[in-house]
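Asks: So the chains spell out like this:
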Amino acid sequence: MTTPTNRQPLIQWGRIARDGLWSNNVILGQLLALCPTLAVTGTATNGLGMGLATTAVLTVSNMLVAAIRHLIAPEVRIPVYIVLIATLVTLVDLGLNAYAHELHKVLGLFIALIVVNCAILGRAESFASKNTVLASAFDGLMMGLGFTLMLVVLGGMREIIGSGTLFAGASLLLGPAMGFLELHLIPDYRGFLVSILPPGGFLALGLLLAGKRVIDARIHAAQQRRTATTDPTTPA
Amino acid sequence: MNLLAVLKQRQSVAYQSLLLGGTVALAASLLVVADRVTRAPIAQRHAEDMNASLAQVIPPTLHDNDLLANMLTLPDADGTAIPVYRALVAGQVRALAFQVTGRGYAGDIDVLLGLDTDGRILGARVLAHKETPGLGDKIEVAKADWILAFNGLSLGHPPPERWAVKKDGGDFDQFSGATITPRAVVKALKGGLDFFAANRALLIAPTTESEASGGHDDNAH
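Line by line, the protein sequences are chains A and B. 1 is the number of the first residue of the first sequence in the working numbering; add one for each residue after it. 237 is the number of the first residue of the second sequence in the working numbering; add one for each residue after it.
Errors might be hidden in some of the hints.
Unchecked claim - A few chain B residues facing chain A, derived, Cβ under 8 Å:
1) Leu255
2) Leu256
3) Gly257
4) Thr259
5) Ala263
6) Ser265
7) Val268
8) Arg281
9) Asn387
10) Leu391
Rather than coming from a laboratory, the hints here were simulated on the basis of the structure. Predicted, not measured: the structure shown is a model, and the values here were computed from it. We treat Cβ as the ideally placed atom computed from N, Cα and C, and that holds for glycine.
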């Protein structure tokens, strides 16, 4: 990553997006935030709610940290970040409760969990403290979306196996207009309890991690083949 | 002092202490302001929520008063103070609602119970719970009709010993994969009916608007 210098480094939009969505994904790449992840992904809808709330907080906290990065003394940076993030989360919690109460009823549970989400501190430390406000905002957004994506996939897997539905309760989170998302995939399904309970979360997460490694290995192999075929000295 | 000079001080303990102290002071004052600004709207939202829940267990025909305003607090068998919301028509108690709590699989289950003056259940609604999604959450009226089966029942119908889930020899369905949750709700509702039976005279005593605003508290002791 870039080091703080006097000249403004060029923002590598593509690289930030790829990092956040895939290669350095909060769950698949950094293996951070596993506690809230495993706790809420019983359904795809819960994963979506947690993901969106985290994305909002992560983007704003990244911008805040980037804005004050020159004032922060490295020795006390961690407590400063923690106080900032905890304050931000509490403000969001109070604001939503007072002015967007319906949304708060659905997201309230997740907002409290964001405080313990170490991915947010992780991005403040490893990206926002060394980059511009704009780049940090984009990084927060991409990391958040990557996190959301994985939570929805994980929640979807567990929900389909566990209760035979997908996006159950989506209309409570997104409004009645999104009710069409609620699918009942397997009729008369008696449910598979383990999938919804925490052990199921670990199992599904393990499958996801294995899946990422398989895909990465395929991509790597394909790249090597391509370089091999374009190299005239090696026979095809 | 220009920015460069400030930045050179970052190594000093004084700067770091000030930074830390300043950040905490700023955070604390922000939170104090936010708390003061949002306290009234949040209380308002909670009152609306409570009214909406009460409306589900007490039909509007049974009261002409503000349910939240005519609250009475009575101690239950364990001595815990239970707020009871009374539905009045012309000062006469027609129905009441109060919260009962059961120990579920993953924590407390709060149920709002509405009763008529004969102790028949007008309605019961789960207000809050931490049960397993997809299993125990069938106690929510949004997820299943299970809780509606209690409407019209009372302590004599079915008899007290049959106020249990079928697995325990009672009358009420449990869910496949979840017995603890419905067992807790049934037990909580029966507890509520017992509470009503023990305090019936006090609870349905005629009231006027003036004494309803807290005068009955003295009777409870």
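Asks: Take the hints in turn and mark each one as holding or not.
Replies: Hints and how they fare:
Because the smallest distance between the Cβ of leucine 255 (chain B) and any Cβ of chain A comes to about 6 Å, under 8 Å, the interface hint for this residue holds. A hinted interface residue such as leucine 256 (chain B) counts as satisfied when its beta carbon comes closer than 8 Å to some beta carbon of chain A; here the least separation is about 5 Å, so the hint holds. Checking glycine 257 (chain B) against chain A: minimum C-beta separation of about 10 Å lies over 8 Å; hint violated. Taken as an interface hint, threonine 259 (chain B) checks out: its beta carbon lies about 5 Å from the nearest beta carbon of chain A, inside 8 Å.
This hint holds: alanine 263 (chain B) has a C-beta 4 Å from the nearest C-beta of chain A, less than the 8 Å allowed. Given the 8 Å rule on beta carbons, the hint for serine 265 (chain B) is violated: about 10 Å separates it from the nearest Cβ of chain A. Interface restraint check for valine 268 (chain B): the shortest CB-CB distance to chain A comes to about 11 Å, outside 8 Å, so the restraint is violated. Evaluation of the arginine 281 (chain B) hint against chain A yields a held restraint, the C-beta minimum of about 4 Å falling below 8 Å.
Because the smallest distance between the Cβ of asparagine 387 (chain B) and any Cβ of chain A comes to about 24 Å, over 8 Å, the interface hint for this residue is violated. At its closest, the beta carbon of leucine 391 (chain B) sits 33 Å from a beta carbon of chain A; the interface hint therefore is violated under the 8 Å criterion.
Checked against the numbered hints above, the structure breaks hints 3, 6, 7, 9, 10 and satisfies the rest.
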